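Trainee: These protein sequence lines map, in sequence, to chains B and L. Heads up, this note's numbering is the position in the first sequence plus 407, with the first residue counted as 1. Heads up, this note's numbering is the position in the second sequence plus 5, with the first residue counted as 1.
Derived by calculation from the structure, the hints in this document are not laboratory data. Treat the numbers as computed from the prediction; the structure is a model and nothing was measured. Worth double-checking, as some hints may not be accurate.
Unchecked claim - So the derived list for chain B, only partly shown, Cβ under 7 Å to chain L, looks like this:
id	residue
1	Ala417
2	Val557
3	Ile559
4	Gly563
5	Leu565
6	Leu568
7	Leu569
8	Pro572
9	Leu573
10	Val575
11	Ile579
12	Ala618
13	Val619
14	Ile622
Stated by the list, open to error - Computed list of lysine to aspartate or glutamate pairs in EDC-like fashion (alpha-carbon distance at most 20 Å, straight line):
id	chain 1	residue 1	chain 2	residue 2
15	B	Lys560	B	Glu480
16	B	Lys560	L	Glu153
17	B	Lys560	L	Glu150
Where a beta carbon is used, it is the ideal one built from N, C-alpha and C, also for glycine.
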Amino acid sequence: MRALLWRDLALALRAGGGFGLGLAFFLIVTVLVPFSVGPQPDLLQAIAPGVLWLGALLACLLSLDRLLALDFEDGTLDLLATAPLPLEAALSVKALAHWLTTGLPLVLLAPVLGILLNLAPAGYLWLVVSLFLGTPALSVIGCFGAALTVGIKRGGLLLSLLVLPLYVPTLIFGAEVARRGAAGQEVGTPLLMLAGITCATIALMPFASAAVLRIGLR
Amino acid sequence: MSIWSYANPVKFLTLSARVQPVLWVVSLSCVAVGLAWGFFGTPDDYRQGSTVKIIYLHVPSALMAINAWFMMLVTSLIWLIRRHHVSALAAKAAAPVGVVMTVIALLTGAIWGQPMWGTWWAWDPRLTSFLILFLFYLGYIALWEAIEDPDTAADLTSILCLVGSVFAVLSRYAVRFWNQGLHQGTSVPVATGGRSVDDVFFYPLVLSMVGFGLLFVALVFYRTGTEIRLRRAAALRARVGRAA
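Extracted from the complex, chain B is given alone in its bound form:
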């Protein structure tokens, strides 16, 4: 499992484009917002938590294509499916590698972009906490979507259509935590719901992903 993790991390870091691309996309989305809604500080402050969450979600979606497609093309997935390691575990590791290379950098970059959007000072902590709790769920759900569409030609667009509705609850609770945090309100309930969604998806989604992938590879 460790070997698989290192392999995926090394591939993501060295293959060029994939790793930095998500971050650059996140940056661009955030920079475009003041152009599209106008640069009034009050307005930006009000929408900053939601925009940052949406940007993180889209950046995560952008990289899902590569999660399994490359391995499918060069036959690595077939090897993984027949390896002694359960496919569920292999997919969990791949989702973890995906999170480490896209989710975690987004969490670290988000406060910097918060400055650009004039985020309220109280919001930084909760923005980071909510993204840290929520982005693993995005990776695990995305892994399911990638497994669903792996054998399909031009599956990228379909992937977005399938995955985005599944992202809705995570987005709602994550953005709610960030918004309440920025407004100085109590964040307990949405925070717990967000953590619950993440735990549940980490526990259950690998089984769905593996089941789907086995069908796809059949």
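With chain B fixed as given, assemble chain L onto it according to the hints.
Mentor: Just chain L now, kept in the frame of chain B:
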């Protein structure tokens, strides 16, 4: 003789051919009478005026939009567990009907909401969860269309339907966090037995709901039959192709 014998496509087609004429007549007359009674036979509401009459379209279609997904969930489970092809095809056949019901509910809701709330759309929990349900339907249908092999497609869409159901329920409760709630409460609460609408409005509404339910069943029967015949045609074509 159990219900499973209808998993045989021939038996299913025979049954559906026998049942369908009755279903069409009963369901269409229920819908026609329910709507006509509702539109012309009931008085205007004291507060909402005549706009309330859209309820006879709005409530039944919303009801069937949710129940169609539930029916797809059940048939998907049957396919995954017992691998009856008719079951998978019924799920496939129900999806477009469900999406049309969702669109009707959304459109009539918007048309009703405009004079009542002064807005076509609000990010209200009920409205929003319906919009998300619509997206789920789109994804489900798109996945069916995208996969060539019918058994693989049935497997993948079934699992998508299962996972989607969990997330649909989750979204339903997640969107409550917006908690403005412009939408009124349910008109016919089954759990409590009481109801918030008067008998005058209630009877045509029930008739129309029954009609929509039966209409859905008739449409699913019809479309499933089409799917079975399409599958047969494909099999025949494949056989001819091999022989040639």
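Trainee: Tell me the hint numbers this structure goes against, listed in increasing order.
Mentor: Failing hints, ascending: 1, 2, 4.
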